[in-house]
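Q: Below are the chains, spelled out letter by letter.
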Amino acid sequence: MTGRSGLKVAGEISLPTHALWERALARVVQQDGRAYHLELSAVTFVDLAGATALAVAAQNLDGGRRLVLDRPPTSLSRLLELFWPDLPGIEVAPA
Amino acid sequence: MRTVSITEPFDHPALFYRDEQEYLAGTVPFVRDALDAGDPVAVAVPGPNLALIRDELGERAAEVHLLDMTRAGRNPGRIIPRVLRAFADSHPGRRARIIGEPIWAGRTEAEYPACVQHEALINLAFQGREATILCPYDTTRLDASVLADAYVTHPTVIESGTQADSSAYAPEALVARYNQPLSTPLGAVSMVYTAGTLPAVRQQATRWAADLGLGEHRLDDFELAVAELTTNSVVHAGGEGTLRIWAEDQHVICEVHDSGLLDDPLAGRRLPPREQRGGRGLLLVNVVADLVRVHSTPALGTTTHVYFHR
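Chains A and B supply the protein sequences, listed in that same order. Just so you know, we're using the UniProt record's numbering here: the first sequence kicks off at 1 and counts up by one. Just so you know, we're using the UniProt record's numbering here: the second sequence kicks off at 1 and counts up by one.
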């Protein structure tokens with residue numbers, strides 16, 4: 001991840017890993033820069049609480065800043081589509 | 001006894017119809033009057049009835065939000081949040097007028113209790129709101145017991161063009177009456193889960209669903225629903241539960257049982273604001289599944305059956 005700020009996440013985001021995910025997101029929203037990349041290609045599953053934490057973090061970003069999701073798992077895309085379509089703070093990177 | 005505040009702004013009549021002519025006579029003037037008054041109008045009825053109304057409305061059909069209820073409302077548990085409230089809430093400050101036909105002759109025995117509970121819960125979900133929801137019932141093809149239930153779930157009934165109060169109106173009692181035990185076949189595979197085994201159990205359940213013929217495009221939704229129900233047991237209902245899976249006719253069915261009590265009748269039917277953290281778990285299950293049946297008592301805990309069409 002050179003030349004841009006970001007975080008690479010692997011494994012699944014569910015009850016056993018929620019606390020870790022929440023802490024990571026809390027750090028992410030404090031970063032500078034207009035776009036923050038989350039590289040998610042190695043994430044196998046995201047449950048509703050994990051997607052909610054991401055959606056809430058994105059809504060707390062100020063001044064046009066956004067989270068860019070790189071290759072999110074289908075579970076996360078589906079949850080965002082169902083409950084948070086067109087959230088300005090979230091962008092899915094083109095494949 | 002029944003008491004209704006004369007200031008209750010919510011109106012929820014059942015419309016009994018015998019044939020196409022009565023159907024159109026009861027629905028199309030309702031739509032036209034609402035459009036003339038400048039009110040937002042939605043029609044969510046089975047496809048053939050939708051076509052009848054659309055044809056009769058002609059050009060004015062373009063002003064109406066039209067939905068095939070057999071798709072949008074396949075699972076009756078999602079009609080309140082995803083059809084009725086979704087439409088009413090998108091027109092704040094105005095009186096939404098909706099025709100909703102959730103019960104048609106093709107509804108199965110497994111679906112019916114969830115359908116009639118939905119009809120009863122509309123009264124609770126819309127209490128105090130400026131809205132009208134008109135529910136057509138096909139008196140030629142529906143059983144007499146279904147029509148008797150419509151008197152219990154609707155404060156007023158329109159029959160042969162005349163609207164009258166229903167003396168049988170008692171929606172809460174009906175919700176309790178259809179809180180019925182659910183049966184599980186002997187051959188169902190079963191797993192007990194706790195916090196430590198949630199991911200493994202969810203993955204295994206999803207593999208079983210695939211083996212039972214659930215299509216690739218439904219497996220993601222199945223996995224999300226299983227994750228939600230099993231995580232609920234662990235976080236809110238005693239820390240453990242039992243999951244069973246089997247196939248029946250056109251469905252893969254997943255049962256989740258735990259010791260919790262589901263005592264909020266509108267759980268899974270509310271729309272939390274998008275910045276709110278919790279409150280979407282059962283809503284998610286309702287949105288992705290084709291049918292959700294629940295039996296919950298203090299003595300036995302909660303059993304949920306989630307149906308996915310395969």
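Keep in mind that the hints were calculated from the coordinates and are not lab data. Keep in mind it's a predicted model, so treat the numbers as computed, not measured. Hints may contain errors.
Unchecked claim - Distance windows between CB atoms, simulated:
hint	chain 1	residue 1	chain 2	residue 2	range
1	B	D211	A	A26	34 to 42 Å
2	A	T44	B	D263	47 to 55 Å
3	A	Q59	B	A105	18 to 26 Å
4	B	D211	A	S5	37 to 45 Å
5	A	A26	B	Q163	55 to 63 Å
6	A	D86	B	E240	34 to 42 Å
7	B	D249	A	A26	42 to 50 Å
8	B	G196	A	S5	31 to 39 Å
9	B	D263	A	P16	42 to 50 Å
10	A	P16	B	Q250	45 to 53 Å
Even glycine gets a Cβ: it sits at the ideal position worked out from N, Cα and C.
Q: If a hint holds in the structure, say so; if it doesn't, say that too.
A: Hints, one by one, checked against the model:
no., hint, verdict
1, B:D211 x A:A26: 34 to 42 Å, "40 Å, holds"
2, A:T44 x B:D263: 47 to 55 Å, "35 Å, violated"
3, A:Q59 x B:A105: 18 to 26 Å, "45 Å, violated"
4, B:D211 x A:S5: 37 to 45 Å, "43 Å, holds"
5, A:A26 x B:Q163: 55 to 63 Å, "57 Å, holds"
6, A:D86 x B:E240: 34 to 42 Å, "39 Å, holds"
7, B:D249 x A:A26: 42 to 50 Å, "48 Å, holds"
8, B:G196 x A:S5: 31 to 39 Å, "35 Å, holds"
9, B:D263 x A:P16: 42 to 50 Å, "29 Å, violated"
10, A:P16 x B:Q250: 45 to 53 Å, "35 Å, violated"
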